[in-house]
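Student: Full structure from sequences and hints, please.
At position 208 of the sequence shown the residue is numbered 393 (this note's numbering), and the sequence of numbers has no breaks.
Some hints could be false.
[As the list claims (entries may be wrong)] Calculated lysine-lysine pairs in the DSSO-like style (CA-CA distance at most 27 Å, straight line): (1) Lys313 - Lys285; (2) Lys274 - Lys251; (3) Lys240 - Lys274; (4) Lys210 - Lys197; (5) Lys233 - Lys531; (6) Lys274 - Lys313; (7) Lys374 - Lys331; (8) Lys274 - Lys331; (9) Lys313 - Lys397; (10) Lys397 - Lys240; (11) Lys306 - Lys318; (12) Lys318 - Lys367; (13) Lys240 - Lys318.
By construction, these hints were calculated from the structure, which means they are not laboratory data.
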Amino acid sequence: YKMTERLAEYVKKQSVLRPYAHVAKEVGLSDATVYGLFIDYKQETEDKVKFATPKIMGIDEIHLAKQPRCVITNIEERTIIEMLRDRNKPTVIKYLKGIKEPHIILRVTMDMWKPYRDAVKEVLPNAKIIIDKFHVVRMANNAVEKCRKEIRSSLTANQRRDLKNDRFLLLKREHQLKPREKLLVSHWKVNYPNLGKAYELKETFYAIYEAKDDDEAFNRYEAWESGLTEDMRPYFNELHRAVSNWHKEIFSYFHYPATNAYTESMNSVIRHIDRMGRSYGFESIRAKVLFASNLHSITKKPKFNKRHSSMMEPTFDRSMGYSTAKTLYQQKQEYEVINYGVSIDKLAEMLESGKLQFDV
186 YKMTERLAEY VKKQSVLRPY AHVAKEVGLS DATVYGLFID YKQETEDKVK FATPKIMGID
246 EIHLAKQPRC VITNIEERTI IEMLRDRNKP TVIKYLKGIK EPHIILRVTM DMWKPYRDAV
306 KEVLPNAKII IDKFHVVRMA NNAVEKCRKE IRSSLTANQR RDLKNDRFLL LKREHQLKPR
366 EKLLVSHWKV NYPNLGKAYE LKETFYAIYE AKDDDEAFNR YEAWESGLTE DMRPYFNELH
426 RAVSNWHKEI FSYFHYPATN AYTESMNSVI RHIDRMGRSY GFESIRAKVL FASNLHSITK
486 KPKFNKRHSS MMEPTFDRSM GYSTAKTLYQ QKQEYEVINY GVSIDKLAEM LESGKLQFDV
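Tutor: Right, dumping it as structure tokens:
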């Protein structure tokens with residue numbers, strides 16, 4: 186490209202943060218030239234930037250162009266460390282096999298998607314698999330929502346007005362309801378008994394995660410299961426089946442309470458990328474997310490102390506009658522730069538503020 190190195194570097198970094206056409210218009214280059222520089226920057230950064238292997242890995246997903254894509258995260262550092270083209274078992278296995286120092290990974294949290302579990306068991310057999318509680322309790326919410334919609338569909342317009350804001354309130358935890366909201370929910374329980382039953386089943390399921398250990402949690406689950414009446418099974422079948430199929434991984438949470446605490450920020454990221462990135466290919470979106478350097482979570486840790494000679498100090502040796510040289514040593518502190526990946530919170534903030542854009 187016929188331009189100064191300074192301009193080329195500017196275009197490369199801006200092309201990650203802004204639409205190619207916007208950068209092209211600003212600097213007077215063609216869209217194709219800007220895109221070419223973006224590809225150069227992507228390759229340079231991919232070769233240079235290496236994210237630290239996490240102790241607690243998250244396997245999450247994001248939908249782009251109506252296709253689920255696997256997202257690898259560092260749970261402790263709240264960062265994204267990779268985005269994969271799909272969520273198929275071979276793709277996940279290939280990524281996991283490429284990890285340096287896989288022994289560092291002690292736990293893996295994930296959604297209830299069998300290829301994730303199979304891939305981790307094959308490549309990281311010593312890592313503990315934990316189903317993030319967010320994915321489990323969400324199914325209890327979905328059951329209440331299914332019941333609510335079914336009831337609403339059979340009501341008159343006036344009756345539906347009686348259920349104003351029902352979705353919002355029914356998905357709230359009971360202890361979070363304000364006094365007026367509690368009255369409304371109590372009223373609905375009386376007038377719509379099935380809705381009341383579904384709400385109570387949701388609440389007692391949430392209470393499982395308030396248990397102090399796995400024994401108490403399992404006892405609470407058994408009590409919940411015994412209260413699952415035939416008329417409620419159609420709504421809660423999916424949740425009941427999931428706990429049966431993923432029992433070990435779900436109850437591992439009580440031994441290793443790792444959870445994707447970044448869920449709210451991640452949801453914001455997903456919404457923005459899905460809306461703004463529809464005109465971009467997967468590789469472009471991946472590069473824009475992973476390689477904007479100001480989004481990286483970086484720290485420095487002391488590496489080791491190295492003694493090195495700094496000067497020769499002359500000294501007079503009385504016994505010898507002449508001067509000798511004495512080497513002085515000083516401590517030199519060296520640091521190891523650790524890049525934990527893309528801060529999910531920073532990424533969400535930049536997308537919301539418009540500092541990172543995908544629009545064409």
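Student: Of the numbered hints stated previously, which ones are contradicted by the structure, given in increasing order?
Tutor: Hint 8 alone not satisfied by this model.
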